[in-house]
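Residue numbers (the numbering used here), protein chains in the order written: chain H, 1 to 345; chain W, 1 to 137.
I should point out that these hints are in silico values taken from the structure, not numbers from a laboratory.
Don't be surprised by glycine CBs; every beta carbon is placed ideally from N, CA and C.
Some hints here could point you the wrong way.
For the chain W half of the interface with chain H, some residues (derived, Cβ under 10 Å), not all of them [said to hold, decoys possible]:
1. Asp18
2. Phe19
3. Val23
4. Arg89
5. Cys97
6. Ala103
7. Phe107
Spelled out, the chains give:
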Amino acid sequence: MSFNLFAAEEQVIEHADRLRERLADVAPECCEDLGALIDAFRRSYRDQRRLVRVSDRLQAQLAAANEELERRRNEAETALVHLREAQDIIVRSERLASLGALVAGVAHEINTPVGIAVSCASHLADATQRLRDTVDRGALGRSDFTRYLATATDTTALILANCERAAALIHSFKQVAVDRASSERRVFKLGPYIREVLLSLQPELRQGNHTVTVDCPPEPELDGFPGAVSQILTNLVLNALQHAYRDGRPGTMTIRVTGDDPVELVFADDGAGIAPDDLPHVFEPFFTTRRGEGGSGLGLHIVHNLVVGPLGGTITAASEPGRGTAFTLRFPARAPMPHEDGAAG
Amino acid sequence: MDALRIDATRRTPLVDFDFPAGVLRLAGESYPDDSASFFGPVLTALREWLAASDVPVRLDVELVYFNSSSAKALMNMFQALETAAAGGRPVRVIWRCDEDDDAMREFAEDFSEDLDHVEFTVAERLDAAGSGRDDAA
Ligand SMILES: Nc1ncnc2c1ncn2[C@@H]1O[C@H](COP(=O)(O)OP(=O)(O)OP(=O)(O)O)[C@@H](O)[C@H]1O
Ligand SMILES: [Mg+2]
């Protein structure tokens with residue numbers, strides 16, 4: 001027989017019933033009252049049984065709900081870990097992709113001076129061959145020689161200038177590429193560096209007939225992370241090309257630097273602008289208005305992290321739909337040392 | 001006696017007692033901060049009306065969640081109705097819950113255990129929006 005939690009109450013009831021039977025003979029006048037009492041007790045005993053069942057069931061529901069909650073929390077935590085891993089991968093591949101774009105830019109830019117140098121060199125080779133033929137025939141006149149000297153002077157000057165230009169380009173690209181791939185800290189001049197970065201973006205800019213004007217005093221010398229600056233500017237320019245000038249209209253962007261410490265850098269475009277509802281979210285990871293068209297929504301998040309982290313500064317966005325967008329960066333001329341303050345990292 | 005109506009809150013159910021028509025309804029969630037002060041006046045009104053009138057009674061109970069003290073208040077209400085029914089008055093209680101809500105169905109069984117004179121039935125819930133009356137049932 002199974003154990004009965006209410007055995008005592010049931011015994012009391014049995015006992016009371018027997019008592020009433022015995023009382024029927026000795027004190028019949030009490031019988032009815034006692035009967036009512038017993039019924040009331042019986043009812044209350046059943047209420048109690050019922051309430052215990054009710055609260056047991058509620059308790060069980062609560063426990064089940066808690067288990068479910070715990071399970072969902074674990075799921076959410078796992079999902080978060082996966083998301084972070086995915087974000088790391090995207091950030092890494094974004095960096096690789098921007099390096100790829102840089103290499104394409106390098107190839108394009110260097111093509112022009114190298115091409116000029118090659119055609120000058122071949123022109124000079126032809127002229128030299130002609131001169132040798134004339135000499136071999138013993139027919140070299142003074143005017144032939146003078147003409148050759150003029151050609152040689154012009155072409156060698158052009159070859160030299162274009163090779164120097166190619167060398168300078170390679171040097172600056174190398175600098176940008178190294179900076180971008182590493183997080184090396186060094187002292188650099190902001191103005192020239194901005195121009196070097198823009199050079200690497202020339203192919204994209206030229207394609208849409210866009211121009212970027214740079215207004216930067218020559219002085220500011222920064223002690224910090226040129227790679228971060230390069231990545232920030234590249235992201236801002238590419239964003240303007242992707243979002244601000246979608247209608248194909250050529251645009252004008254400006255980069256204006258004022259102040260030497262803290263430095264204020266404003267990047268502005270005169271394109272479509274950002275809707276007021278979107279503006280507060282543009283720095284959030286995965287916020288994009290181009291989902292499904294290749295936008296991951298990480299560009300500005302990375303920009304934000306670079307400004308707040310390595311540069312130790314702030315970034316804000318302002319926009320007027322139809323009139324353009326401006327990003328304002330403010331950061332110290334000397335970037336914080338790692339662990340110098342909590343914001344770095 | 002006039003109708004008694006208390007709008008539902010997050011923790012207390014809708015109480016819609018149309019006394020003149022004899023149609024009473026409880027719906028929603030019930031875990032008041034103070035069950036006694038919430039259900040006390042409701043029980044008093046019910047008992048007074050049961051004593052003062054003899055129109056047939058129909059009570060729709062459509063609770064999705066209730067705590068233990070609300071359960072006790074319900075039992076008290078059912079007890080009052082059982083007494084009236086034992087006196088010959090037609091009383092129906094319709095316990096409404098989702099078909100697959102096993103817990104609520106078991107509660108219905110428990111609660112009807114002591115009702116010998118009340119006609120107790122279990123039915124589907126009324127429209128979720130909740131204020132419509134199902135007079136055909
Ligand atoms: N210059 C701009 N003009 C108009 N809208 C912009 C501009 N820059 C950013 N936005 C808006 O901010 C959103 C977020 O930009 P973000 O760079 O973070 O992501 P994305 O460019 O959409 O994707 P991803 O950079 O990962 O390819 C964009 O989707 C766009 O709506
Ligand atoms: Mg972007």
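Comparing the hints with the structure gives:
no. : hint   : in the structure
1   : Asp18  : 28 Å, violated
2   : Phe19  : 26 Å, violated
3   : Val23  : 26 Å, violated
4   : Arg89  : 20 Å, violated
5   : Cys97  : 13 Å, violated
6   : Ala103 : 6 Å, holds
7   : Phe107 : 7 Å, holds
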